[in-house]
Amino acid sequence: MNTFKTCLSGLALSVACASATAGEVEVLHWWTSGGEAAAINVLKQEMEAAGHTWKDFAVAGGGGESAMTVLKSRAISGNPPSAAQIKGPDIQEWGELGFLAPLDEVAGAGQWDSLLPEVVSNVMKYDGHYVAVPINVHRVNWLWANPAAFEKAGVEIPTTWEQMIEVGSKLREAGFVPLAHGGQAWQDATLYEAVALAEGPEFYRKAFVDHDEATLKGETMVKVLKTFKQMRELIDDDASGRDWNVATSMVINGEAAMQVMGDWAKGEFTAAGKVAGSDYVCAPAPGTADMFTFNIDSLAMFQQSDDSRVEAQQDLARLAMEPKFQEAFNLNKGSIPARQGMDRTPFDSCAHASMDAFTASAEKGSLVPSMAHGMATVSRVQGAIYDVVTNFFNSTDMSAEEAADKLARAVNASL
Amino acid sequence: MNNPSASLPSVAAARPAARRLSDRFADWLPKIVLAPTVVITLVAVYGYMIWTALLSLTNSRILPVWKFTGTGQYAKLFENERWGVAVENLIIFGVLFILVCLVIGVLLAILLDQKIRAEGALRTIYLYPMAISFIVTGTAWKWLLNPGLGLEKTLHDWGFESFSFDWLVNPDMVVYCLVIAAVWQSSGFVMAMFLAGLRGIDPDMVKAAQLDGASMPKIYRRIVLPSLKPVFFSAFVILSHIAIKSFDLVMALTGGGPGYASDLPATFMYQHAFTRGQMGLGAASAIVMLGGVLAILVPYLYSELRGKKHG
Amino acid sequence: MVKSQQTFGQQLLRYGLYAILGVAALVYLMPLWVMLLTSLKDIEEIRSGTLFSLPGSLNFDAWSKAWSGACTGSTCEGIAPFFGNSFKIVIPAVAISTLIGALNGYVLSMWRFRGSELLFGAMLVGCFIPFQVILLPMARMLATFGLANTTTGLVAVHITYGIAFTTLFFRNFYVGLPKELIAAARLDGAGFFFIFRRIVLPLSTPIIVVCVIWQFTQIWNDFLFGVVFSGGDTQPVTVALNNLVNTSFGGKEYNVDMAAALMAALPTLVVYVLAGKYFVRGLTAGAVKG
Chain A
1 MNTFKTCLSG LALSVACASA TAGEVEVLHW WTSGGEAAAI NVLKQEMEAA
51 GHTWKDFAVA GGGGESAMTV LKSRAISGNP PSAAQIKGPD IQEWGELGFL
101 APLDEVAGAG QWDSLLPEVV SNVMKYDGHY VAVPINVHRV NWLWANPAAF
151 EKAGVEIPTT WEQMIEVGSK LREAGFVPLA HGGQAWQDAT LYEAVALAEG
201 PEFYRKAFVD HDEATLKGET MVKVLKTFKQ MRELIDDDAS GRDWNVATSM
251 VINGEAAMQV MGDWAKGEFT AAGKVAGSDY VCAPAPGTAD MFTFNIDSLA
301 MFQQSDDSRV EAQQDLARLA MEPKFQEAFN LNKGSIPARQ GMDRTPFDSC
351 AHASMDAFTA SAEKGSLVPS MAHGMATVSR VQGAIYDVVT NFFNSTDMSA
401 EEAADKLARA VNASL
Chain B
1 MNNPSASLPS VAAARPAARR LSDRFADWLP KIVLAPTVVI TLVAVYGYMI
51 WTALLSLTNS RILPVWKFTG TGQYAKLFEN ERWGVAVENL IIFGVLFILV
101 CLVIGVLLAI LLDQKIRAEG ALRTIYLYPM AISFIVTGTA WKWLLNPGLG
151 LEKTLHDWGF ESFSFDWLVN PDMVVYCLVI AAVWQSSGFV MAMFLAGLRG
201 IDPDMVKAAQ LDGASMPKIY RRIVLPSLKP VFFSAFVILS HIAIKSFDLV
251 MALTGGGPGY ASDLPATFMY QHAFTRGQMG LGAASAIVML GGVLAILVPY
301 LYSELRGKKH G
Chain C
1 MVKSQQTFGQ QLLRYGLYAI LGVAALVYLM PLWVMLLTSL KDIEEIRSGT
51 LFSLPGSLNF DAWSKAWSGA CTGSTCEGIA PFFGNSFKIV IPAVAISTLI
101 GALNGYVLSM WRFRGSELLF GAMLVGCFIP FQVILLPMAR MLATFGLANT
151 TTGLVAVHIT YGIAFTTLFF RNFYVGLPKE LIAAARLDGA GFFFIFRRIV
201 LPLSTPIIVV CVIWQFTQIW NDFLFGVVFS GGDTQPVTVA LNNLVNTSFG
251 GKEYNVDMAA ALMAALPTLV VYVLAGKYFV RGLTAGAVKG
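Residue numbers (full-length UniProt numbering), protein chains in the order written: chain A, 1 to 415; chain B, 1 to 311; chain C, 1 to 290.
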């Protein structure tokens, strides 16, 4: 650790210093799509410039399902990677099991506490120590719209869910699929939590963070579920199993009019050469204008036995927080940097809107963690909610009351 | 083939005194040869089963934690609606898959055994799906079965407007889509097994029956099929093994959806143990699944293996 | 058996037979056909046409991209580099599991001892254990032997869960061999390995073919063990394929996905096409006798 301290004492010297103690970092992640892969490559290049070896361990697909399996088997065989893409409350679970490495020195030297909003830094700490580096902040409650479709149907982009339904039927008459959607559990949950958020952040937190039983099966929840189920009418028949980016491409090529999806969808628009504001519109999901559902990607650091690997890992943590990487990564991925106080100019109008909403909602108390993306609760409770929500959304005969009741029971059983 | 007898006398000439010792060693040799496999099986099959059984008695979440909490996971499992769906699906899927594969396999084998001209090519065509995993064909199947892209749309385009095939997106019917794709993959293999069985039947037996004036269908029913009983056994073992392990199929075709309508126990267990951080529950589901499978298979294997007296 | 004195009815039956077999063949070929067509189209044709519409021109761009240019995760080298990994896993795993299966089958059919049938039954249970169950204990075990995330470890896993089937194949085959052959040799004092090498093994070609085809297919197509137990840079081609299919840069390139999938399936397809004849022959020779 001594060499490490000397390294930090002069950041400018870090390149020379690191190359003297070059190590290897193995990074397990599933950033393989769109701009993500290019984005993570920036970090790879930075690490290599610092003299370290980057061993890429990308396991694509399924929202990281395979990657998690790999991580667990690696952890149990006592051979975890240096860093892995883990987020939200799951960081706490790994911390509890004693797998994560503290980053106090890097965090202290880099003054992370002053650079990160508390909502973010809380998630990154286990037992008061930083164990993970936040890479970005996604806003989940976005509505992506194709303005040409709206023009043709002669309607405005909806700002409430009631309007959404009205507008939807007009769009359908004009020959569009009103809402592009993929019938996968996490996409159903993304739509559902956006509908739920429209009932206010208090309700949202009670249901998905505190898991208050009365709220989960209460009247408001029944209303939310009913509205959510009405969205089914706006979706085409073939949505089952469709990937989110295929749904996004429906909006891009004018087949569909809207999609409710996090800001990673922007990467698809950008890759298709579309410009925000003219070719596509990013608006807050109906009824959630001054609210913000956050989803933060992070790299959690696993304890390593080899000294050179420990040093490389600390360097990785430091570099991941540098403005250069945060900017490059987030420009590619469509999100906004987790690090505050960065230059806004390289970002587009949607990212600016996201940044403003982030600050504003943090002040107002309407900044909430995403349930659908594992920020609000641990994966087992999230899974229980997924099951009920997706089953209700696809069922032909379940009533909203029944679903609310099942929701409360499933959440209780998984706690 | 070599003629072994030519080289045997030299061995027979070994001295009697030395043979006693080597005899004793020879007695042990088969057991020694089998020993590594027995050890491996004991550890990697039975040992891991016990490991999983113990895990199911803990409240393990993202990784095993050996603090025993009793049978609570089993109680949770049986209350879990999704588990009920998965088990029901496995029963429907397993029964249909095995039956349809056997029927199609037998039929194709009988038809192919009629001195067909392009037999070699046809056989390869029926057999090739077994060579490819659903990781490879999953997307193609998803397209074919998807009403907006595949068969339904194609037939609509060809003018059959009333044709409807939306099983993939219909929660009540999606399990039958799994059956279709699974039968496609495995029925050719069953065909090959039965074809092999048919080739092994003594043609004189059939000729004799023909001379007695028996009709072909009757000959097949009374003579040919009964003599294929061992093939049915092998096919059953292989098919049930495939049915129980079906995992890639579900992941590639439906991802368990719509909702969780096409979940199978294997996917249920995997998801809970590895993605949901409910390892205890996942382990419990594995044990129940294994128990159920063994309860059906062991008596069957036992009676089949017992019933045959191989010298 | 097309004889000149066939009646009209018989001939009709014959045409019907060919019709049924032909239609069945088309059904079996459909997914492969769709994949092949898609891999030869460009993205625009895929978007505008139907599944069965023919590509405007033969276009192998997708194939060359899948082979050496498509991105699997963050490296863009196609799936070519991963074929070697797969072969490094498959060849030893198939060879060793077949050899062990042959020896086991030999013991269980010709050198039976008290309880050997029970052992065989107990081994068969190994066929039915879901692989998802054994991931974690196996990871632990491999780590104990220092084999975690090595190709050797992965090969060991494949052998472990392959022997149940190979043993089943060989035992059922050997049970059908004439007993007199071995009995005579034993009377002559021939030893265990001598009989195996000189008498039994030379007769085993058909079942070795069956066993090798089966094991090759199973191990080549494996994804779960490959993703969990391989090291980061020794991943088999199925894992690379999964990464490639799940990697997209603004819009899915279905033609590349399909080309990559076909290429990944090519070795097993070739094995089936070339050895298919021997496969049925091998099964005939005894593998299907319970």
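Just so you know, the hints here were simulated from the structure itself, not pulled from any lab data. Incorrect hints may have been included.
Claimed, not checked - Ranges of calculated distance between the beta carbons of each label pair, as one might list FRET restraints:
1) C:CYS76 <-> A:ASP113: 23 to 33 Å
2) C:PHE193 <-> B:GLY213: 46 to 56 Å
3) B:PRO226 <-> C:GLY69: 25 to 35 Å
4) B:GLY213 <-> C:PHE194: 32 to 42 Å
5) C:ILE91 <-> A:ASP210: 49 to 59 Å
Glycine residues also receive a C-beta, built at the ideal position from the N, C-alpha and C atoms.
Inset, instruction - Please flag the earlier hints that this structure goes against, numbers listed from lowest up. - result: 1, 3 and 4
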